[in-house]
Amino acid sequence: MLETVAQAVINGLLIGGIYALVSIGVTLIFGVVKIVNFAQGEFVMIGMYISFYLATQFGIDPILSLFVSMPVLFVIGVLVQHFLIRRVLGPNDMPQIFLTFALSLLLLNLALLLFSANYRTVHTSYSDEALHFAGLYIPVAKLIAFVVAMILSLALWVFLHTTDLGKAMRAASQNRDVATLMGINPNRVFCVAFGAALALAGAAGSLLMPFYSAYPFVGQVFVLMAFVAVVLGTLGNVIGALVASLMMGIAESLGIQFVGADSGLIVVFAMLLLTLAFKPNGLGGGRVR
Amino acid sequence: MANRWKLLSLAALVIVPVALPQVVTGAFAQDIFIRILLFSFIGVAWNLMGGYAKQLSLGHAAYFGLGAYTSTIMQVDFGISPWIGMVAGGIVAMLASLPIGWLCFRLRGPYFTIATIATAQALMLIFLKFRDFAWGAEGTTIPNLGSSPLMMQFETKASYYYVVLGLLALGLVITYIIEQSWMGYYLVAIGEDQDAAEAIGVNAPRIKRDIYMISAFLTALAGTFYVQYIYFIDPATAFNFSISIEAALVSIVGGIGTLWGPVVGTVLLETTSALLQSWLGSSTGGIQLTVYALILMAVILWRPTGLIGVMLEAWQRFVLRKPARVRTSP
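Chains as they are written, first to last, in numbering that gives the first Met the number 0: chain A, 0 to 288; chain B, 0 to 329.
These are computed hints drawn from the structure, not numbers from a lab.
Don't take every hint at face value.
Now the in silico label distances, taken between C-beta atoms and shown as ranges [as the list claims (entries may be wrong)]:
#, chain 1, residue 1, chain 2, residue 2, range
1, B, TRP301, A, LEU112, 21 to 31 Å
2, B, ARG105, A, LEU113, 38 to 48 Å
3, A, ALA116, B, SER277, 20 to 30 Å
A few chain A residues that don't get close to chain B, going by computed Cβ distances all over 10 Å [unchecked claim]:
#, residue
4, LEU12
5, ASN108
6, GLY165
Cβ coordinates follow ideal geometry from the N, Cα and C atoms, glycine included.
Construct all of the structure, not just a fragment, from the sequences and the given hints.
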């Protein structure tokens, strides 16, 4: 029994690392640019297809293709912010929600047109490898994904807290007007934030590829998880999103273990509804960052 | 002069839709008309809350599905006419909107939207899971009784057309009444700035609750009609996310928070979709929503007042010959 629980917790923790990359991206954009990016999951999908094609066409290891998918998605992020998002920033919710929503719809259906609805997988030498430790089973591909995800999250935190640009981003998230008065160029900061968030989504896609199938709708699973984690972890809070994502991963895995294989999503929705009912400001109590 | 124009356009508004299925009798065309009227109606229902009060729900499939399932369960298990089931479905949806609204209205803006998506998806999962209660994932066909108007089953497509035309008329009349009443002004005030509206004494939580109930009721009627029209129900049809999307899309493209916006938007989107289908065949999955997404982006970036806004502007400039108005965002 204890072993089953421990195994479920480990499985959840490992996939929670991927959820964290997506959630941190969502919360970073929400914190700095003050919009919710409904298309975040579709950028995970793009990251997966980049890794898939690099692996099948050039034999590049999916994890190493991170060095391609991250910069490509960073550039896409800057372009999206500069040419699309920038035009709808303002007090009005409607254009912001439906612009990113339209972007999600567009990318999803373009993927359907270009790549068809087929599931694509990449088989690596370590896809089936696993560590055995005290009776527990730890898949190597998921362990690598988790470790890299944590390193990237830590790198983002260090960037936000030590570099001038990172501090400017935090300043802009706390008070955009004052930050502008202090000589911070908001559009530049927003572009970097959007780019960084999408780069994390791309990294999530590449890290998923050794043990997960790519298909046009794949991002929806992750973005839903991320939205819940971002509410749970207090909107705009990077550490909160990270912790909440790991918790969500564990909760989902325990749900699958003890309620049934297809109940993962039900657990997620139940968590969202409970959060809304009892802690609508998140577990952190409402303080941003 | 102005009066004569008004009378003429009013007469055209009544005569053209009523005469249409008598003039155009092709099954394919009539099917498209029915889709246009149905999605206009769903858009009108969405627009009451999403358009006037700017509570941007993407979970209206929840009420569509509840309406569809209520009437179908009543008909298949108890033999009760879908006409009664339709009203019952509307009431079920109204009651369901209370707890759902209680949860979702705790959040504002985009997070309200996400919460509505999640509740609709959760309802779909519930109907997928509990198979002894509503047929589970396989769904069920609705017994075909031939021509049986009392059971909302007709031999001709034209009859279905008139039913959904009646629904749309009902939705438009309700919207018009609300638009003209104090409630309409409260809704717009909440949509502009909820805090400011509350500061001047608008009871925002109550107004939002009430309009959500009305919107849910109307959406459920559409659900009943749809499953009666296609004679089949399963969770993926009744709670399809694309219903939530289209409800919002037609309103925004047509003109958010306007009486006729959802109708104009549906005419454009459904006609585009029908043309694409006849040109490319239905085999190319994804093309329809790709085009919808592009239209939506174009409207948001260049004409946030929607097609109604474009038409009004053109009317003022070219017919009334007034100088161009300064465009205001919705």
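Here is how each hint holds up against the structure:
| no. | hint | verdict |
| --- | --- | --- |
| 1 | B:TRP301 <-> A:LEU112: 21 to 31 Å | holds (24 Å) |
| 2 | B:ARG105 <-> A:LEU113: 38 to 48 Å | holds (40 Å) |
| 3 | A:ALA116 <-> B:SER277: 20 to 30 Å | holds (23 Å) |
| 4 | LEU12 | holds (24 Å) |
| 5 | ASN108 | violated (4 Å) |
| 6 | GLY165 | holds (25 Å) |
Of the numbered hints given earlier, the model fails hint 5 alone.
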